[in-house]
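Could you build all of it, start to finish, from the sequences and the hints given here?
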Amino acid sequence: MTDLGLWAVPVAILGGAIRVSTPFLFVSLGEVLTERAGRINLGLEGTLVFGAMAGYAVAYESGSAWAGVLAAALAGVIFGLLHGLICSLPKVNDIAIGIALMLLGTGLAFFFGTPYVQPVAPRLPAIDLGFWSGIPQVQAALTVNVLFLAGIALALGMAWMLRATRVGLILRVVGDSTDAARAMGLRPNAIRIGATAAGGAFAGVAGAYLSLFYPGAWSQGVSSGQGLMAVALVIFARWNPLNCVWAALLFGGAGALGPALQSVGLSEGYYLYYAAPYVLTLGVLIATSSPNRATAGAPGELSITK
Amino acid sequence: MIIGQDALPATGALAVATLGMTMRFGGFTALDDVSISVPAGSFLALLGENGAGKSTLVKCMMGFYRASAGQMMVSGREVQVPDPRAAHALGLGMVYQHFTLVPSLTAAENLVISRRDTPAVIDWRRERAALAAFMDRMPFRVPLDRPVRALAAGEKQKLEILKQLYLGRRFLILDEPTSVLTPDEADEVLGHVRGLCAAGDITVLMITHKFREVTAFADAVSVLRRGRLVGQGRVSDLSHADMAAMMMGEARLPAPAARTGQPGASVLELAGARALDRSGLKEIAIDRLEVRAGEIVGIAGISGNGQMELMEMLTGQRPLRAGAMTVRGRPYHATRTEERQMNIRYLPEEPLKNACAPRMSVAENIGFRSFDTRGGGTRFWLAPGALRRQAEALVAGFKVKTASLDAPIAALSGGNVQRAVLARELTGSVDLLVISNPCFGLDFTAVSDIRARIMAARNAGAAVLLMSEDLDEVLELADRVLVMSEGRISYETPAAGADIATIGHHMGGHA
Chain A
2 MTDLGLWAVP VAILGGAIRV STPFLFVSLG EVLTERAGRI NLGLEGTLVF GAMAGYAVAY
62 ESGSAWAGVL AAALAGVIFG LLHGLICSLP KVNDIAIGIA LMLLGTGLAF FFGTPYVQPV
122 APRLPAIDLG FWSGIPQVQA ALTVNVLFLA GIALALGMAW MLRATRVGLI LRVVGDSTDA
182 ARAMGLRPNA IRIGATAAGG AFAGVAGAYL SLFYPGAWSQ GVSSGQGLMA VALVIFARWN
242 PLNCVWAALL FGGAGALGPA LQSVGLSEGY YLYYAAPYVL TLGVLIATSS PNRATAGAPG
302 ELSITK
Chain B
128 MIIGQDALPA TGALAVATLG MTMRFGGFTA LDDVSISVPA GSFLALLGEN GAGKSTLVKC
188 MMGFYRASAG QMMVSGREVQ VPDPRAAHAL GLGMVYQHFT LVPSLTAAEN LVISRRDTPA
248 VIDWRRERAA LAAFMDRMPF RVPLDRPVRA LAAGEKQKLE ILKQLYLGRR FLILDEPTSV
308 LTPDEADEVL GHVRGLCAAG DITVLMITHK FREVTAFADA VSVLRRGRLV GQGRVSDLSH
368 ADMAAMMMGE ARLPAPAART GQPGASVLEL AGARALDRSG LKEIAIDRLE VRAGEIVGIA
428 GISGNGQMEL MEMLTGQRPL RAGAMTVRGR PYHATRTEER QMNIRYLPEE PLKNACAPRM
488 SVAENIGFRS FDTRGGGTRF WLAPGALRRQ AEALVAGFKV KTASLDAPIA ALSGGNVQRA
548 VLARELTGSV DLLVISNPCF GLDFTAVSDI RARIMAARNA GAAVLLMSED LDEVLELADR
608 VLVMSEGRIS YETPAAGADI ATIGHHMGGH A
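Protein chains in written order, with this note's numbering: chain A, 2 to 307; chain B, 128 to 638.
Quick caveat, the hints were computed from the structure, so don't treat them as lab data.
Computed spacing ranges between beta-carbons, pair by pair:
(1) B/G512 <-> A/P91: 34 to 40 Å
(2) A/G298 <-> B/A449: 27 to 33 Å
(3) A/R183 <-> B/P166: 28 to 34 Å
(4) A/L104 <-> B/D244: 41 to 47 Å
(5) B/A259 <-> A/L243: 25 to 31 Å
(6) B/A583 <-> A/G298: 47 to 53 Å
(7) A/V168 <-> B/L509: 54 to 60 Å
(8) B/S531 <-> A/G298: 43 to 49 Å
(9) A/R188 <-> B/H460: 46 to 52 Å
(10) B/A326 <-> A/W161: 36 to 42 Å
(11) A/G6 <-> B/A247: 51 to 57 Å
Just so you have them, the derived chain A footprint on chain B, three or more residues with Cβ under 8 Å:
(12) 228-237
(13) 241-248
Residues from chain B shown here face chain A by an in silico Cβ test under 10 Å; the list is partial:
(14) P211
(15) R212
(16) Y223
(17) H225
(18) W251
Please read these numbers as outputs of a predicted model, since none were measured by experiment.
We put the CB at the ideal spot given by N, CA and C, even for glycine.
Next comes the structure, spelled out in structure tokens:
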């Protein structure tokens with residue numbers, strides 16, 4: 002290993018940003034899709050954990066990591082459909098259902114996942130973008146998983162979809178005004194169920210990334226609340242898929258601060274730095290909030306009292 | 128669906144008529160044998176009180192309801208309109224009282240997504256060119272690239288009409304299209320609509336309450352009362368009094384309450400009061416506002432110019448950043464104790480939301496001011512018997528129609544909620560009454576009743592601050608008229624001899 006001195010910290014943060022951000026990115030894109038249609042799905046944490054288990058189990062049984070990703074996405078669709086269908090019933094609150102599904106998802110994952118804690122499943126492939134550098138730390142930081150690139154492509158695709166496709170505009174209409182959607186002859190509930198199902202699939206893929214690439218094993222502690230953080234992330238990404246990329250990178254980088262400082266020998270109080278993403282969340286939310294006005298960019302149909 | 132072989136004319140205004148249109152809901156006949164005819168290129172006004180059947184008639188025409196009996200004729204041919212899609216396919220369109228645009232989408236996005244044949248992938252360059260070509264043919268235009276949220280009410284209403292034309296509609300039903308516009312905006316929009324009629328592009332049926340607009344823009348008028356067609360004729364042959372007589376029938380409105388007494392000492396004063404508006408970006412700035420005893424000060428203005436925020440400042444819902452409010456020279460912070468000591472009462476707009484607990488009973492809601500008082504002090508144990516007797520007396524005295532005192536207040540109609548809240552607020556001695564849009568959405572009888580109560584409070588010596596988007600209401604009730612525009616009081620005039628045009632200009636912020 003080359004000694005980089007203090008340069009090790011930014012390099013490690015860069016590497017961390019790329020490695021840690023992917024699940025944030027996928028879950029927050031899924032949540033953007035759901036919320037743009039006017040629903041809140043807080044259950045994505047449960048979907049993520051179940052996706053991690055399902056992806057790991059199928060990858061181990063089939064020997065293909067990609068089959069695992071597919072299985073995780075399918076599991077996510079099922080959880081999304083469940084949430085969407087239940088919330089379409091009258092007088093059902095989507096936040097309460099979200100919390101219920103979060104507990105159900107983690108519970109089911111732990112129940113079915115016990116036999117897969119020991120076995121080793123194949124890992125997702127990574128692309129070595131650091132080949133030009135002779136420094137091992139830089140090489141390590143720039144080992145980029147395919148799913149990270151897929152996530153960025155997905156964000157670009159969603160931004161385009163919301164602007165320039167029929168489906169995208171319909172999604173925004175439904176999320177902004179149920180009455181206007183009905184007047185156009187659209188069926189808001191059907192569209193919301195579809196958006197929630199697709200959002201669930203993204204969260205499932207995020208789970209597969211956790212168990213099949215980084216950290217790269219299935220255990221009950223595989224998620225440290227990424228699914229919940231990503232929902233908060235959507236708010237300060239202002240429901241914009243491209244902002245989700247920056248927000249996810251920022252979170253990933255902040256999450257890598259603690260381990261990076263520890264690696265350069267800063268041993269005192271480094272636990273405090275592990276809290277960086279959470280402090281950052283609080284800070285950003287406080288800085289962008291106001292008691293006197295509604296959050297700019299929020300879809301009009303989002304409500305906690307539906 | 129068209130019955131018969133010949134196709135309808137492909138372009139230009141449509142002639143539309145109903146023959147013996149009847150609509151029954153169970154045993155109740157909402158619409159009884161109504162036949163109206165709107166010749167191609169004409170502008171018909173449909174007048175009637177709330178509940179007269181105007182909405183039922185147009186909903187039958189647009190296919191929202193299936194009429195119990197009667198036919199629709201388009202261009203002289205009988206047609207079936209089983210649902211709104213069929214109406215749209217025939218070229219019939221409707222502009223609703225409340226905007227149906229999607230607030231966060233731009234005008235261009237709203238137009239394109241409202242089409243039935245929106246392509247799966249939208250080629251914005253081509254759509255933009257098509258929209259520009261469309262706009263060039265129109266007599267008025269709206270900014271296409273701003274979110275609809277950021278458009279003024281007049282622009283939104285224009286966009287609603289443009290949307291109908293963009294969709295190829297050739298017969299338009301306008302449902303009270305000017306209720307949210309300034310007199311200037313209303314004249315501009317209706318003038319353009321009138322021009323499109325004269326050019327033979329569209330035929331218009333407009334539901335309205337405003338005689339002035341009927342006289343200025345319509346060719347003919349039809350009047351409904353209790354589901355029946357009770358009169359029609361050319362606008363040039365009818366006076367406002369004739370139309371009012373047809374609308375009201377035998378019933379006579381109580382005459383506007385007489386104004387007695389002179390304004391006395393100053394009661395409410397605001398000096399240099401500042402607060403943020405609801406977007407948090409702009410400031411509401413009331414440099415000076417005074418209301419004296421025995422005086423009604425009317426604040427006119429288009430909604431969204433700070434009236435709601437001013438009301439919230441006065442009711443303690445919105446903190447002041449600077450300045451002060453005083454009542455009879457004593458500082459006032461809108462606490463419950465101060466309200467009680469200084470005899471201050473409110474009637475906010477949408478009282479069900481702002482002045483009631485919707486699921487609590489009528490009796491409980493009426494008791495909100497007094498449930499915890501005993502003489503001058505407060506009580507710990509409630510006195511349900513006394514509250515009930517008080518509620519009974521007030522319900523009878525203010526003619527609140529309710530099935531029972533224990534019914535949730537949300538079950539009452541708008542006029543009765545208004546009466547119940549007014550009953551509560553006008554009980555006991557009242558020194559200051561602050562009111563916002565007291566008659567919004569109520570029918571003639573309820574309106575004249577509530578206005579009489581307000582006038583009676585003034586005559587009894589209360590200082591009244593009245594905020595209303597209805598200029599006629601302000602002019603009828605107020606002693607002094609202020610105009611609020613962009614968060615400031617921009618104009619003041621005595622109500623006697625006030626010039627509507629000048630007030631209108633200040634409302635629009637053009638002066």
